[in-house]
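Single-letter residue listing:
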Amino acid sequence: MERVRGIWDRIPLFWRFQLAGWLAFTIFSFPSKWVMLETIPASVLVSLYRDGLGFLITIGMREIYRRSYHDKMTKVGLGVMVAGVSLASGLVLTLFSLGFHEFLDFDAEKTFTPPIIFGIFYFRTGLCLGWSLLYFGIKLMRESMDRDLRIARAQATSERAELQMLRAQMNPHFLFNALTMIQAGIARREPHLDEVVQSMAEYLRYSLENRHNDRVPLGNEFDAIKGFLIVEKARFREELEFECHIDESVRDTLAPGVIMQPLVENALKYGRKTSSTPLRIQLRVRLSNEHTIRIEVANTGQWLKDEKLNQVSGVGLENLEKRLKLLYPGTYGLRHLEENGWVTVQIDIPATP
Amino acid sequence: MNAPELRAIIIDDEAPAREALLDLLSAHPNVRVIGEANSLANALELCRDLRPNLLFLDIQLGDGCGFDLLPKLNISPSIIFVTAYDEFAIRAFEVNAIDYLLKPPNRTRLAHALERITHLPKATFTGVFTKQDRVVLQSDDKFLVAFVSEISGIVAQENYSLVHLSAGETVLLRRSMAEWESVLPRDLFFRPNRSLIVNLEMVRKVSMNNRDDMDVEISGFSTPVRLGRKAGVLLRRELKQPHLL
Chain A
66 MERVRGIWDR
76 IPLFWRFQLA
86 GWLAFTIFSF
96 PSKWVMLETI
106 PASVLVSLYR
116 DGLGFLITIG
126 MREIYRRSYH
136 DKMTKVGLGV
146 MVAGVSLASG
156 LVLTLFSLGF
166 HEFLDFDAEK
176 TFTPPIIFGI
186 FYFRTGLCLG
196 WSLLYFGIKL
206 MRESMDRDLR
216 IARAQATSER
226 AELQMLRAQM
236 NPHFLFNALT
246 MIQAGIARRE
256 PHLDEVVQSM
266 AEYLRYSLEN
276 RHNDRVPLGN
286 EFDAIKGFLI
296 VEKARFREEL
306 EFECHIDESV
316 RDTLAPGVIM
326 QPLVENALKY
336 GRKTSSTPLR
346 IQLRVRLSNE
356 HTIRIEVANT
366 GQWLKDEKLN
376 QVSGVGLENL
386 EKRLKLLYPG
396 TYGLRHLEEN
406 GWVTVQIDIP
416 ATP
Chain B
1312 MNAPELRAII
1322 IDDEAPAREA
1332 LLDLLSAHPN
1342 VRVIGEANSL
1352 ANALELCRDL
1362 RPNLLFLDIQ
1372 LGDGCGFDLL
1382 PKLNISPSII
1392 FVTAYDEFAI
1402 RAFEVNAIDY
1412 LLKPPNRTRL
1422 AHALERITHL
1432 PKATFTGVFT
1442 KQDRVVLQSD
1452 DKFLVAFVSE
1462 ISGIVAQENY
1472 SLVHLSAGET
1482 VLLRRSMAEW
1492 ESVLPRDLFF
1502 RPNRSLIVNL
1512 EMVRKVSMNN
1522 RDDMDVEISG
1532 FSTPVRLGRK
1542 AGVLLRRELK
1552 QPHLL
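One line per chain: the protein sequences are A and B, in this order. Take any residue in the first sequence, count from 1 to its spot, add 65: that is its number in my numbering. Take any residue in the second sequence, count from 1 to its spot, add 1311: that is its number in my numbering.
For the record, the hints were derived by calculation from the structure and aren't laboratory data. Be careful, since some hints might not be right.
Partner residues aside, some chain B positions facing chain A, computed with beta carbon under 7 Å [said to hold, decoys possible]: (1) Pro1315; (2) Glu1316; (3) Glu1325; (4) Ala1326; (5) Ala1395; (6) Tyr1396; (7) Pro1415.
Fair warning: this is a prediction, and the values are worked out from it, not measured in the lab. Just so it is clear, CB atoms sit at the ideal spot from N, CA and C, and this is done for glycine as well.
So that you can see chain A by itself, here it is in the shape it has in the complex (with noise of 0.2 Å):
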């Protein structure tokens, strides 16, 4: 049920408080004028006409705190111009206050004395400052409130992030049909399903440890995404066929985590589309000079050209293009070619980092 807004909550904040506050100074500050001025009629004439204009000059106050308050402002220069307004404020009301006075002939004379016009400008040099406190005080803890929520937004929107990568990783539907796979294994008594749960266990826990480094052996990687492939064939067993090879000699260089798994994905995804069967890849690490070294993604099927081939589980092509630009900018390659009925995808990356 929603409130129902009276006129009240539609006013901004500050007319709220500047209405209410005004008023409550006039209500609590009218005995001390009666007790001076002795009549009713001339203190409430008083009231009105000073605390009215009190009123409208902290309104100016205000354009004036709007106009010239900024972010980078220091406490110093802040407190140098509130009491600078404040100190003219308080003047003009005062010079205000004595002529209206004459000008209801008042008997001035006798009242104004030197004291009583400085105690007059004392105090309402202190109203206006008091009100730029509260003015500010407010105005700040407003701001750092809203600033406080937009941290909180901020956080919640990257932990929402970070969530739909992790799934994007953990790839649910990877990770039920291969399940499937093993309860349909069990109840068949398979052979070698040993070797397709360990494989998984392996795959998933590089997943895990490895999701944001850069400084991962190759190896890992490569061990990894085996592990990956022995799954995937359980599940299309004849329908799929791999090869995997890996240089011995840069098993130890170190290369971001995730560079051979959206490769391979996309091998998979497209290639099922596109290949006759059985699907064959392969997945090859070599070093290609003394320099470089090749990480080779080649499948059986054709390169999709209207698909967006970098949408594989949110971690796709473009997503590691921009990795590796950051990592070896200028030193890195990503090219794909189609031969002999193979489409393969290369990435170069300097043998040593």
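We have chain A already, so just place chain B on it with the hints.
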């Protein structure tokens, strides 16, 4: 219990997944698996040749989406969707029978789904859809699967209702407007008069025709819908309501 025989086809691109279902189905003698398909193309052929009355249909297949099979069928089998992971719930509305199973399939859930299909042939969803739900719409001659948010409007036709989708397709269902009104999400759908329910996000234009009626242009409708003055005013008011917060 004398359950009717179910002639089933299992459609899944992974052999072990088909085996997992076959293994569980061995406990149900009234279900006879008459065929298995590993692709949409094979499934379509088998359905034409064998005319099954039950499909176990995997949603993610190598060559496409399981839903794509449905409009191509010339039969109306019961359907149990099987899915590894789907963010969206599937709802049935005016469908002979559908249900869905999550992978890996489970003995109890399978028994429950078969029970529903054999004994509650008119089982439909009770409750309220959300925008993200997928709804399966089946008439005598057509099968459609759409997100609830893709329904652009529903027009009453005597005891039937003609459902328009944003892409322009229509399907005639044996459902009353009141029944539709009770399941569609209120923040998206509005019923300005007895014969129209409209998706507020699909309204393109409301134009005054003369003093007494208005024309409403809705995505997916080939011609504008004419509304009386009162209904038009109600719709306009509803459209002005900010749907924020």
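Closer than 7 Å between Cβ atoms is the bar; does Tyr1396/B clear it against chain A? Give me holds or violated.
4 Å, holds
Interface hint for Pro1415/B, Cβ within 7 Å of any Cβ on chain A
Status holds, d = 4 Å.
For the hint on Glu1325/B, does the least C-beta distance to chain A fall short of 7 Å?
With Cβ-Cβ at 5 Å, under 7 Å, it holds.
Restraint satisfaction for Glu1316/B [CB to CB of chain A, less than 7 Å]:
24 Å, violated
Is the interface hint satisfied for Ala1395/B? The criterion is a beta-carbon contact with chain A at less than 7 Å.
4 Å, holds
Per the CB criterion, is Pro1315/B less than 7 Å away from chain A?
27 Å, violated
Ala1326/B as an interface hint toward chain A, with CB separation required under 7 Å
5 Å, holds
Hint violations for this structure: numbers 1, 2, all remaining hints satisfied.
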